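Got chain A sorted already, so can you dock chain B onto it with the hints?
Number of protein chains: 2
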Amino acid sequence: MAPAIHVGPEPPLEYLVEAVKQGGGEITSLADAEAVVWAGSPEELPALPNGIKWVQLQSAGIEPWIERIRDTPEVQWTSAVGAYAMQVAELALALLLAGTRGIHRYARATTWAPEDERVLEGSKVAIIGAGGIGKELIRLLEPHDVEIVAVTRSGRDGTLPVDRLPEVWGDADHFVLCAPSTDDTTHLVGAEQLAQMQPHSWIVNIARGSLIDDDALVAALNDDAIGGAALDVTDPEPLPDGHPLWTCPNALITPHVANPPNTMARDLAKRVRENVRRYVGGEELLAPVSPEQGY
Amino acid sequence: MAPAIHVGPEPPLEYLVEAVKQGGGEITSLADAEAVVWAGSPEELPALPNGIKWVQLQSAGIEPWIERIRDTPEVQWTSAVGAYAMQVAELALALLLAGTRGIHRYARATTWAPEDERVLEGSKVAIIGAGGIGKELIRLLEPHDVEIVAVTRSGRDGTLPVDRLPEVWGDADHFVLCAPSTDDTTHLVGAEQLAQMQPHSWIVNIARGSLIDDDALVAALNDDAIGGAALDVTDPEPLPDGHPLWTCPNALITPHVANPPNTMARDLAKRVRENVRRYVGGEELLAPVSPEQGY
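Going down the list, the sequences are from chains A and B. For the first sequence, this note's numbering assigns the number 666 to the initial residue and increments by one for each residue that follows. For the second sequence, this note's numbering assigns the number 666 to the initial residue and increments by one for each residue that follows.
Calculated directly from the structure, the hints in this document are not laboratory data. Among the hints, erroneous ones may be present.
Said to hold, decoys possible - DSSO-like, lysine-lysine: derived pairs with alpha carbons at most 30 Å apart: (1) A/Lys935 - B/Lys789; (2) B/Lys800 - A/Lys800; (3) A/Lys800 - B/Lys789; (4) A/Lys789 - B/Lys935.
It should be emphasised that the depicted structure is a prediction, and the values quoted were computed from it without experimental measurement.
Pulled out of the complex, with its shape left as it was, chain A reads as follows (with noise of 0.2 Å):
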């Protein structure tokens, strides 16, 4: 029998309810429900009822869900951690090869003036955080003749464990920070690892604002102590008007785009049918939250 899934915030997106019923699944009230899709925020969702035992959710962090998966551990809550991995790991090279190539330099310029940059190839790129999105970063790295290192939590698969992350700073030439947002990423990188990276080095950040102390950024940037840095997130966000990263020349902000609406929907609807898919066959779900690691 298909299970009954409920879509949430009324009005439901037309494409997550096709994506439920592609999967498997047979739309409901929330009161008759064994499983959600909530593409909305934690304060719009009801108190679930006791017969739920499944909920998915739309985005990858989940730091604004962490009490609600901490208070109930009888439910299997899932992010979208992966399902938008290309998209993203795609606008962190875009970002890595502006920065290294001088592109946000020279689309800010009137006048031809050529510098002797560098390339990519041939550096070292520490990928801190080799979940989904570090993955495909590897992977879209892989024919740049790059050198890569990735640091994880587990320090599995040839990764190196988070604890030799200090080895790291003062040896890559650059660095993509594809780490979740917890207690212990919070302001990984700050003034004492700025200090230690190369003048060329530049650092992209997709992942969460927070890893990075800005002020110790826009200290290390107005120096010209670093390379410079390209920011999809930022500490607060949005970066207000005025903030001095809007002006450092070597700064390049994008504002969250890594994941942009119209290709979200598409995405997140792929996840949801394919989630749907292994709850009706009993199979493992992506992206299960562990409540202690919190993501």
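Relative to chain A, chain B alone:
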């Protein structure tokens, strides 16, 4: 016996002298040489003594040399085609990603204003001219989940022959120009071709400015008839101050930096070493110039 090779103009570049020696050649005056490695202009190169069998040039484009080459059919000329292909392909990808992901626009912004961008993933990319650079770009695009259509003179190896190019303009999403500058490729992209492109289409030119009719391009950009143009080469070059391309919101100009001096020296030395080694061994040289084809 080591072949007598002249490196010029005087004083010779030390890294080229080293490369010739490492390849197995002996450094001599022009009068005593049987081969020449020339890092200067055609005007600087004296008439070739009778014994010269081979001349290695430093650039990939050989337009200024074409008369000299046609006047000396007994000499084997080689260019640097392919030697810098990786750096150039890297910038081509950087520009393609920058354009499609809106980085040119965000680089100029001083306020948080996300737009619903397209992404590169899932698009069809036409690579016009799949020589050394085009082939490298195809390799870099491999993991990107894009459809590639490569257009070459011959139509060999799964590429589309150049006489079918008219089909491509209305069919592909984006266009990367990698073709050599010849009589046949002047204004390859003009009003007629631009009119067939899609409103989101980006054109990337890392080959030669003459391939695009810039007046037609500026008109198309001003009408938002295409997504945009990212140009590392222009016509004329340098692009003069005040040229409309400097201020088109959907244009991105880099000042012929695909092959930056610091990596050029390294890459040229590698090519010279390899070609001297091949010359010593009687093997076929890399990048022989065809006087008929003009590249």
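Going through the hints against the structure:
Of the supplied pair hints, the one linking lysine 935 of chain A and lysine 789 of chain B holds, its CA atoms being roughly 21 Å apart against a limit of 30 Å. Using a Cα cut-off of 30 Å, the hinted pair lysine 800 of chain B and lysine 800 of chain A holds, with the two alpha carbons roughly 25 Å apart. The straight-line distance between the Cα atoms of lysine 800 of chain A and lysine 789 of chain B is roughly 24 Å, inside the 30 Å bound, and the hint therefore holds. As the CA atoms of lysine 789 of chain A and lysine 935 of chain B are separated by approximately 21 Å, the hinted pair is consistent with the 30 Å bound.
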